[in-house]
Amino acid sequence: AQSVTQLDSQVPVFEEAPVELRCNYSSSVSVYLFWYVQYPNQGLQLLLKYLSGSTLVKGINGFEAEFNKSQTSFHLRKPSVHISDTAEYFCAVSEGTSYDKVIFGPGTSLSVIP
Amino acid sequence: DTEVTQTPKHLVMGMTNKKSLKCEQHMGHRAMYWYKQKAKKPPELMFVYSYEKLSINESVPSRFSPECPNSSLLNLHLHALQPEDSALYLCASREEGVGEKLFFGSGTQLSVL
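Chains as they are written, first to last, in this note's numbering: chain E, 1 to 114; chain H, 115 to 227.
Check the hints yourself; a few may be wrong.
[Claimed, not checked] Derived pair list, reagent style SDA-like, types lysine to any residue, alpha-carbon separation capped at 25 Å:
hint, chain 1, residue 1, chain 2, residue 2
1, H, LYS155, E, ILE113
2, H, LYS215, E, SER9
3, H, LYS152, E, SER9
4, E, LYS49, H, GLU158
5, H, LYS136, E, PRO40
6, E, LYS101, H, SER169
7, E, LYS101, H, VAL212
8, E, LYS58, H, PHE178
9, H, LYS152, E, VAL112
10, H, LYS123, E, TYR39
11, E, LYS101, H, GLN151
12, H, LYS215, E, TYR39
13, H, LYS155, E, GLY53
14, H, LYS215, E, ASP85
15, H, LYS136, E, TYR39
16, E, LYS69, H, VAL212
17, H, LYS154, H, GLN223
18, E, LYS101, H, LEU202
19, E, LYS101, H, GLU117
20, H, LYS215, E, GLU20
21, H, LYS215, E, GLY53
22, H, LYS155, E, THR55
23, E, LYS49, H, MET141
24, H, LYS123, H, PHE178
25, H, LYS154, E, SER109
26, H, LYS154, E, HIS75
27, H, LYS215, E, TYR32
28, H, LYS167, E, GLU20
29, E, LYS101, H, GLU158
Since the hints were made in silico from the structure, they are not lab data.
I would like the entire structure built from these sequences, with the hints used as guidance.
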């Protein structure tokens with residue numbers, strides 16, 4: 001069964017600084033990886049996803065992520081954060097033929113400091 | 115219309131009450147989901163409906179009863195809940211196919227007294 005780990009529960013960063021949010025997964029079959037963002041009192045929305053092909057994927061709001069199969073990682077990056085990026089970020093995975101089952105990691109709370 | 119609409123937004127119920135949560139989407143998505151989210155925690159998968167049939171039940175207690183009356187609607191019937199069931203209940207839908215993204219509603223904040 002698939003699982004997702006996000007090692008950093010909270011990440012404070014100054015405005016306009018770069019940020020990396022870490023995600024590691026475990027699965028015995030092919031995986032599909034996602035990053036979702038949740039703003040306060042809202043549902044989740046997709047930032048980006050990796051299905052296959054190029055290991056560097058670009059998403060909305062200037063975010064990008066790199067899939068590394070050997071390290072089973074899918075870290076999220078942004079070169080310069082804004083106050084509006086303050087939110088909860090969830091890495092998620094689905095796998096193989098069970099792609100309906102989308103499992104979320106524990107989340108990372110990003111706080112952008114002015 | 116790219117929205118998933120959930121009603122009500124807030125619900126307070128006693129442990130002996132029966133209530134229902136509703137979810138609606140008009141994007142033609144064939145898969146619909148219920149997730150439960152406690153504060154400061156990730157969404158936990160509860161149920162998945164695919165083509166109006168229950169395809170995944172993550173060992174959810176029977177006091178939660180899902181229903182998919184048609185391809186646009188998803189209900190979650192609640193009966194004899196416990197205070198620990200208080201949480202944000204999120205509905206989501208997705209298109210058919212590998213890697214299609216989930217569209218989430220804003221959720222129903224449920225408090226069980």
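- Please work out if LYS155/H and ILE113/E have their alpha carbons no farther apart than 25 Å. Within the cut-off at roughly 23 Å; holds.
- Does SER169/H lie within 25 Å of LYS101/E when you go C-alpha to C-alpha? 10 Å, holds
- Is the Cα-Cα distance between LYS49/E and MET141/H 25 Å or less? 20 Å, holds
- Item | Restraint status (C-alpha distance of LYS154/H to HIS75/E at most 25 Å) | 21 Å, holds
- Task: With a cut-off of 25 Å on the C-alpha distance, tell me whether LYS215/H and TYR39/E pass.
- Result: 17 Å, holds
- Task: For the pair supplied as a hint, LYS167/H and GLU20/E, confirm whether the alpha-carbon distance does not exceed 25 Å.
- Result: 40 Å, violated
- Task: Would you mind confirming whether the straight-line C-alpha gap from LYS123/H to TYR39/E stays at or under 25 Å?
- Result: At roughly 16 Å apart (the allowed maximum being 25 Å), TYR39/E and LYS123/H satisfy the hint.
- Message: Checking one constraint from the list: CA of LYS152/H to CA of VAL112/E, max 25 Å. Satisfied?
- Response: Roughly 23 Å separates the two Cα atoms, so the pair holds.
- Task: Compare the distance between the alpha carbons of LYS101/E and LEU202/H with 25 Å, and conclude whether the hinted pair is satisfied.
- Result: 19 Å, holds
- Query: Are LYS101/E and GLU117/H close enough, with their CA atoms no more than 25 Å apart?
  - Reply: Distance ~21 Å between LYS101/E and GLU117/H Cα, so the pair holds.
- Between LYS154/H and GLN223/H, is the straight-line Cα distance small enough, at 25 Å or below? 14 Å, holds
- 25 Å limit on alpha-carbon distance, applied to hinted pair LYS154/H and SER109/E: 9 Å, holds
Of the numbered hints given earlier, the model fails hints 8, 13, 22, 28; all others are met.
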